[in-house]
Structure formats: structure tokens, C-alpha cells
Amino acid sequence: MTQIGKRFPGVQALDDAGLEVLPGEIHALLGENGAGKSTLIKILSGAQQPDSGTIEFGGQRVTMASPHDAQRRGVVTIYQEFTLAPNMTIAENVFIGREPGPGVFVDWRKMAAETRAITARLGLQLRPMSIVRELRVAEQQMVEIARALSMKSRLIVMDEPTSALSSTEVEKLFRIVRDLKAQGLSIIFVTHRLEEVMQICDRFTVLRDGRLVGSGAVADATIDGIIRLIVGRQVNALFARRERAVVGDVVLSVEGLSRRGNAQDQNATVLADVGLEVRRGEILGIAGLVGAGRTEMARAVFGADPFDAGRIIIDGHEVHIRSPQDAIRHGIGLVPEDRKQQALFLALAVRINLSMASHKQITSWGIFIDETAERAMVAEYRKKLNIRMASPEQLIAGLSGGNQQKVTLARWLALGPKVLIVDEPTRGIDIGAKVEVHNHLFELARSGIAVIAISSELPEVLAISDRIVTMREGRVTGEIKSEDANEEILMSMMTLNAKAA
Amino acid sequence: MTQNLHSDLPDPVKIDIIGFLARFAPLIFLIVLMAGFAVGEPRFLTPLNLFNVLRQVSIYGLLAVGMTFVILTAGIDLSIGSLVAFAGLVAAAVSKGGLSNRFTVGAGQEAASHGWYLAALAAVAVGLLGGFLQGFAITRLKVPPFVVTLGGMSAFRGAALLFAAGGPISGFEPGFVWMGQGRILGQVPVPVVIFLGFAVLAHIVLRYTRYGRQVYAVGGNPEAARLSGLNVRAVTTSVYVIMGFFAGLGAFVLSARLNSAEAVAGTGYELTVIASVVIGGTSLFGGVGTIFGTVVGTILIGVLLNGLVLMNVSAYIQQIIIGIIIVLAVAFDTFAKSRRRTA
Numbered sequence: 004m005t006q007i008g009k010r011f012p013g014v015q016a017l018d019d020a021g022l023e024v025l026p027g028e029i030h031a032l033l034g035e036n037g038a039g040k041s042t043l044i045k046i047l048s049g050a051q052q053p054d055s056g057t058i059e060f061g062g063q064r065v066t067m068a069s070p071h072d073a074q075r076r077g078v079v080t081i082y083q084e085f086t087l088a089p090n091m092t093i094a095e096n097v098f099i100g101r102e103p104g105p106g107v108f109v110d111w112r113k114m115a116a117e118t119r120a121i122t123a124r125l126g127l128q129l130r131p132m133s134i135v136r137e138l139r140v141a142e143q144q145m146v147e148i149a150r151a152l153s154m155k156s157r158l159i160v161m162d163e164p165t166s167a168l169s170s171t172e173v174e175k176l177f178r179i180v181r182d183l184k185a186q187g188l189s190i191i192f193v194t195h196r197l198e199e200v201m202q203i204c205d206r207f208t209v210l211r212d213g214r215l216v217g218s219g220a221v222a223d224a225t226i227d228g229i230i231r232l233i234v235g236r237q238v239n240a241l242f243a244r245r246e247r248a249v250v251g252d253v254v255l256s257v258e259g260l261s262r263r264g265n266a267q268d269q270n271a272t273v274l275a276d277v278g279l280e281v282r283r284g285e286i287l288g289i290a291g292l293v294g295a296g297r298t299e300m301a302r303a304v305f306g307a308d309p310f311d312a313g314r315i316i317i318d319g320h321e322v323h324i325r326s327p328q329d330a331i332r333h334g335i336g337l338v339p340e341d342r343k344q345q346a347l348f349l350a351l352a353v354r355i356n357l358s359m360a361s362h363k364q365i366t367s368w369g370i371f372i373d374e375t376a377e378r379a380m381v382a383e384y385r386k387k388l389n390i391r392m393a394s395p396e397q398l399i400a401g402l403s404g405g406n407q408q409k410v411t412l413a414r415w416l417a418l419g420p421k422v423l424i425v426d427e428p429t430r431g432i433d434i435g436a437k438v439e440v441h442n443h444l445f446e447l448a449r450s451g452i453a454v455i456a457i458s459s460e461l462p463e464v465l466a467i468s469d470r471i472v473t474m475r476e477g478r479v480t481g482e483i484k485s486e487d488a489n490e491e492i493l494m495s496m497m498t499l500n501a502k503a504a
Numbered sequence: 011m012t013q014n015l016h017s018d019l020p021d022p023v024k025i026d027i028i029g030f031l032a033r034f035a036p037l038i039f040l041i042v043l044m045a046g047f048a049v050g051e052p053r054f055l056t057p058l059n060l061f062n063v064l065r066q067v068s069i070y071g072l073l074a075v076g077m078t079f080v081i082l083t084a085g086i087d088l089s090i091g092s093l094v095a096f097a098g099l100v101a102a103a104v105s106k107g108g109l110s111n112r113f114t115v116g117a118g119q120e121a122a123s124h125g126w127y128l129a130a131l132a133a134v135a136v137g138l139l140g141g142f143l144q145g146f147a148i149t150r151l152k153v154p155p156f157v158v159t160l161g162g163m164s165a166f167r168g169a170a171l172l173f174a175a176g177g178p179i180s181g182f183e184p185g186f187v188w189m190g191q192g193r194i195l196g197q198v199p200v201p202v203v204i205f206l207g208f209a210v211l212a213h214i215v216l217r218y219t220r221y222g223r224q225v226y227a228v229g230g231n232p233e234a235a236r237l238s239g240l241n242v243r244a245v246t247t248s249v250y251v252i253m254g255f256f257a258g259l260g261a262f263v264l265s266a267r268l269n270s271a272e273a274v275a276g277t278g279y280e281l282t283v284i285a286s287v288v289i290g291g292t293s294l295f296g297g298v299g300t301i302f303g304t305v306v307g308t309i310l311i312g313v314l315l316n317g318l319v320l321m322n323v324s325a326y327i328q329q330i331i332i333g334i335i336i337v338l339a340v341a342f343d344t345f346a347k348s349r350r351r352t353a
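Chains as they are written, first to last, in the working numbering: chain A, 4 to 504; chain B, 11 to 353.
Calculated directly from the structure, the hints in this document are not laboratory data.
Keep in mind that this is a model prediction, so the values were computed, not measured.
Virtual Cβ for every residue (Gly too), placed ideally from N, Cα, C.
Among the clues, some could well be false.
[To be verified] Derived CB-CB ranges, DEER-like: (1) B/VAL319 to A/PRO309: 23 to 33 Å; (2) A/SER394 to B/GLY207: 26 to 36 Å; (3) B/ALA244 to A/GLY264: 24 to 34 Å; (4) A/SER394 to B/SER324: 27 to 37 Å; (5) B/PHE30 to A/VAL438: 34 to 44 Å; (6) B/GLY125 to A/TRP368: 27 to 37 Å; (7) A/ASN270 to B/PHE345: 43 to 53 Å; (8) A/SER394 to B/ALA244: 30 to 40 Å; (9) B/GLY46 to A/ARG101: 49 to 59 Å; (10) A/VAL109 to B/PHE30: 44 to 54 Å.
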């Protein structure tokens, strides 16, 4: 793939990106969140079309018109979210859409036999007639690989294949991947885990901001060198560091927060003994890769998700938080990660969205909303946060992302929280609004609120935080003052097992 | 990668024709329909006929007001027809002075009978209880509303048949009957007054109270509502209790109007009622809709049916027309929703 360009409305996702994979090699595709890895893979697998650039496969210039087209040519992608039908058998999943048999009938015997042959090639002992839902995550992944093999693939793309696996399962996967390589297949490995790259990959390609910034043989590279390539840019001048606020007493502390089990795997470690504290007037940044447990930690503290063990202490007293209502009563607010799904009422007016968490303050006679007070509240925050809208009565769906986010922020400010957790506060908003949101967060901290800021953008974490805690795989892996940190240090704290700093 | 990079200038007001239509289309359609019938059939536009139409729709209307709360939370209640029958029978039995007297007719039973308010209380109590049980099953047992109320539809009908033991209960005291057949100021049917009175009350609740806000929020985005500190379960349960209240009230008025209660009463009401609400612009996806729209939708269906009757259109064809209108109304709603999503 050379000079691939892809533009989405308002953003250049890929600009002169490229990737070269040799036959029979394991190739690591690396980059930060948002560097363009997923987009590049989607183009390779036919799920999206490039705006510019060319793809050559097996020496021929090709167009991957659709995922089906790519599969026909031998390129199969295994995404992080599996595409299996959970209520069907392994055999049905492997041959879905290509069931053997005469006419409209399915030859179950043949399908089962071929499935068994393929799984044996992978060194697996899976019964072809098992229901996929009942398999472990690692086994489901193997079914995906079996399906890829059954399509006579020549190139298998694996998007973060190890993120949901235990270390023994990772070993098993690596053994299979090496076998596939020995059989002449090529594999693209998208991952954040650099140790794994060193362990299994032959060559690597690094993308940054949608561009190809480097590639080479793993044997000639060091982890530090690769991290530098991934992070690359000089300290971003746009995110000027602020003057630090005077930091006061500890407002919130979390001890031993643990949780096992998610929707996919009930034994997965979601949070393991997470402890942190945040002080009045402080902005605590939480850095980590996608899936590190940052959002899960925030949702547990806010009562949005249950947790198995751990204590939450506010102003020196342990509190019991079982629902967002409890958290709000104790003065905690959460600006969630996904604005549209978790924060906004798209069909309602800006005014109604803004006051949603603070009805108590604008109630008259116990039951009625005092709309005069509500309008005054909206006017206050419209001015304070510079929320640009035509009218408080317009639907919030019509505002830009940045202004929607300011409304969400205002929703919590109106409540006067002690602790405000902001999860990806500037995701999907443009650079000007980003800087504004940062300034508002500084202002909040100055007014005495303890702010916890989760962000996948390292320059942002560095710019807004006083102190940064890094997480990986549900654990806290380190803590550092932001003046002592830079992107390379953070990246190694986020990706390596050893406790850094 | 989905980025929303608008310029940082003030957002322009979108001229929202779809939104405008969603709001006023039912009313415009109603006016056009009435004008059409008025031209085609002179008897249509007389006060007598118009009050007749209103009286005919008032029970559907009461139920539709309750159903608006349910549909605003993206729920559905299929059980109302059965609940109406059961609550009506209980009210009738109470009015007759208890189970043992329920089939007595004539002067002898007058002495034993209770006032209409006890009958009303009984009907409403049955409705509230039925609604609460269903709300509980939906929020605590996490069974989808469609399934719970489909079960309720069968269970309440069974309860009604059991209770009635085969025969209708009829012949109530005059005060009870007046609630269904009387007229205020010699003109306005009592059921119409009850319907419009409760519609106004429901409008105030939805439009001006905290609770009303919560209903819209839970329907519009339950996860966001939860993360805003709303008690989503309590709100969801409550709308089925409110629906139950209106089913009880509707059962009372229906029994009074017919001067009789029977186990097969209310059959098929759910479809007409849901149609009224949806045609009135309330979204089956939740979070969008008004009582005003529901009232218009209810009258629209009433006018349509009345006009078709006056024009001698077969009852079967009427059903076909209602069916088509429901599908079109929902198709429009789906279209309007996809517009909102991409806005």
C-alpha cells in the first residue's frame, strides 16, 4: 500500500500512509490511538475506500471494492470485536455464507469434517458443533482464525489480537501465528504492546497522524527507538502548559478498586487493586491505551458500573456508591467518554440538556420546573463557557461537538461538584474548542474542584494535568508529576509491565 | 474516527421542515380531513355529530393519554384492552354492592349498591395494581415491555372472564350511569369533559414538572439519564402505573356509558390507542411527543372512522385504512429520527 490518503468530514485521517508486507512475515502496525491504523486496515480489507493512493497485492495493482472482494483475494481481517454469530455452532461460523452442500441444503457432515480439519491444523481441540457463545474469548478468536484459514487467506490482519487474552492464551496464539507464518501466510499485527512486537514480529511500520513515519526490521530496532517513532512530535506548542493552581487537601481517594468480568469474558480482569487520590484544585491526568481500564475506573467510582472490592473515600469518610445518584449526592460528576450515547438527549433542547442533573435547584413547589430560573442558569453558563448556539431552545443535535461538550460540562458545573471526572473531554472536537475546554478545566481546578481527566492524547494529558497516573490492563502502573514527564516516558509507563518513575 | 469538526462560529439555526411537519402534520391532516368530510357529507359538521365523535373517542382518548407516557419511554402496553375489561367488571361489581349482588337487576338492588365514586376507586385501583405489576416485571425482571404486556393482555382477559363468570354485569345506579351518558349544560357529554380534563392535567405534568422531564429523558437516552442521576427504573415503572390509572378510569367511564360491564369489553383497544398516540407524533423510539399531539391523533382517528361510517364505508375497509395509517405514521417517525441522528 503506498501513499494512501483518506479524508473524513473535517479530518485528514490518512495522508501519505503506506505499508509493505512481505510474504511469510509477521508485520507489526504501530501508532498511537488515532494515528490511522484502523483506517488503514479498513481500507486494506475493503471496508472503506481510499481517496488516493494504490494497493498492490501479489505484485498486481488491486482495488479492494468491498470486504467480500478483499476476502476473495485472500485478505481477511480479524477485528477486536469479533464478528461471530454467538448462537450458532463453530462449523456454521467458519463456513457462514459459504456452507457446503447441494443447492439450498447444508451438508452438515462435510462442514463439520472440514471444520475439524482446519482446527486441527491450528492444533486445537474444538468440537465443530459447539455453540460459539459458550466458548472462551481466546477460543472465539481461534474460530475467527479458522474462518480466515478456510477462506484460503494469504494475508491475515489481526487488530489487537492479544488485548483480551491471558498470558498463556497469548503464548498459544503466538505459536499458531508462527505456524501460519511457516505455512507461508503473512500476518499484520496491530498492537500497542511493544514487548510482543519484539517477541513475535519480523518487521514493523509506524504511523503517526495518518502518515508513514518509519518501518524496519524488528531485529535492528529497540523499544525506545520505536517509542520515539510512535510519539515523534516535538512538544506541542498548541497546548501551552498552564500555571499550576494551589493544591489543597485530598478530596477523593480510591483504594483497592477491583473488578473481574466484562460482557465478553466473566474472568477478565477489568480493574485490579486500583488506588489513586486527587486533591482540591488539582487536575489528575489518567493515561493509558485503549482498554487499560481508565473508563472502567471512572465508571466504577461514579457508580455507573458495579465493582467487586475497594473503598471510595471522600473528604476522609468512606462512602458507599452503588448508583450515579449516590455519586452525585457525594459531589462527584462524570462527563462520559461517548457524548452522543452517554450524555446527550439529542431530541431535546439545549436548555433541557443543560439542566438535566440539577433539577433540584430549579424546582418550585416541589414538583414544577421553574423555567425562569432554568433560563437564567442556561444564560449564565452560556456566557461563562462561551457556548455558541442560536437559542437555548434549539435541539442540542444542531450544536457542534465542542459546544455539545461545553453543555455537558455545564450540566455538572450547575451542580457544584467536589470532584469532576472528564473522560476524553475533547474527543471529536476541533482544535479551537479543545483549547477552550482545557481552559475551562483549569478554571474549574482554580475554583477548588478536584478534576480527574482521562485522555488518550498524550500531549493533552501532559498539558492539562498536575500529576499523571498511568494504567495498563486494569492496573495502575505508575505515577509522575507532569513537569517530570514527557510523551516517551508516559508511553513506556503505559506499555511496559515494569513500574516506571 | 467520527469527527465532528464544525467551524467554531455560532451554529446556524437549521430550518427544520421535518421537525415542523412532525409537530403540526397531524393537526393539518385533521383540518383537511374535517373539511373534506364537511363538503362530502353535510351531516358531519353539526354540533351534535361533532360531540358524538368526541364522546366516541373519549375512552380511547383517556387510554391514549396514558399510553403517551409509556411510548415516551420507548415502551408499549398491549394489555390495556384486557385491563379495561377486568377493571370495568370489578367497578361494576362494587357498584352493585359486592360480588354476591352483582347479577341482581331491578329496584331491589338499588338499596345494596354503592355510589359511583366507590366504583371509580375500584376500577382505578385495579388499573394501578395491574400497571404496577407490569412495570415491576419490566424493570426488575428485565422482560421487554412488549412481552410483559402481551402476557398481561392474556392474563387480565383471563381474570375478567373468570370474574364475570359468563355474564355481563349491568344496570347501575343513576349516578354511575350519568358519568358515561350524562351531559353538562345539556350539551357536552361527561366522558368528553373527563377526557379533556385529564388530558390538560397530563399535559401540565409532562410539560412543566420535574417528573415530566424525567420521562422525556429516560425515553430519549436511558443511559444518559442514568448518568445524569435519574432513577431510570422508578420512572420506567411509573409510566406503566400511570397507564394503569388511565385504563382503570377508562374502564369506569366505558362501563358507565354502556351501563354494563362484560369480559369481552375493550378487545382490540390497544391498536387504536397506540395508533392515536403515534399518529399524534409521539415517537415509538421514545423521548419525542406531546399530549396535545395525542389528543389531535385521537380525534383524527375518531373523525376518520365517523366520516367513513357516514359515507357508508365498510367496517372492514376502515380497519385496512387504520392499519395503513399506522405504518405510514411510523415510517415518517423513523425518517424523522434518522434526520435527527445525522443532524
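Cβ-Cβ distance between A/SER394 and B/GLY207: within 26 to 36 Å?
Cβ of A/SER394 to Cβ of B/GLY207: about 33 Å, so the range 26 to 36 Å holds.
CB-CB spacing for A/ARG101 and B/GLY46 relative to the 49 to 59 Å hint:
With a Cβ separation near 57 Å, B/GLY46 and A/ARG101 satisfy 49 to 59 Å, so the hint holds.
Would you say the C-beta atoms of B/PHE30 and A/VAL438 sit inside 34 to 44 Å of each other?
holds, 37 Å
Should the hint that A/ASN270 and B/PHE345 are 43 to 53 Å apart at their CB atoms be regarded as holding?
Hint holds: Cβ distance 45 Å, inside 43 to 53 Å.
The hint says 30 to 40 Å between A/SER394 and B/ALA244; measuring C-beta to C-beta, is that right?
Because 32 Å falls inside the window, the suggested range holds.
Range hint 44 to 54 Å: satisfied by the CB atoms of A/VAL109 and B/PHE30?
holds, 52 Å
Is the distance from the Cβ of B/VAL319 to the Cβ of A/PRO309 consistent with 23 to 33 Å?
violated, 57 Å
For the hint 27 to 37 Å, verify it against the beta carbon of A/SER394 and that of B/SER324.
violated, 50 Å
B/ALA244 versus A/GLY264 beta-carbon gap, inside 24 to 34 Å or not:
holds, 27 Å
Outcome of range test on Cβ distance (B/GLY125, A/TRP368; 27 to 37 Å):
holds, 32 Å
Checked against the numbered hints above, the structure violates hints 1, 4; every other hint is satisfied.
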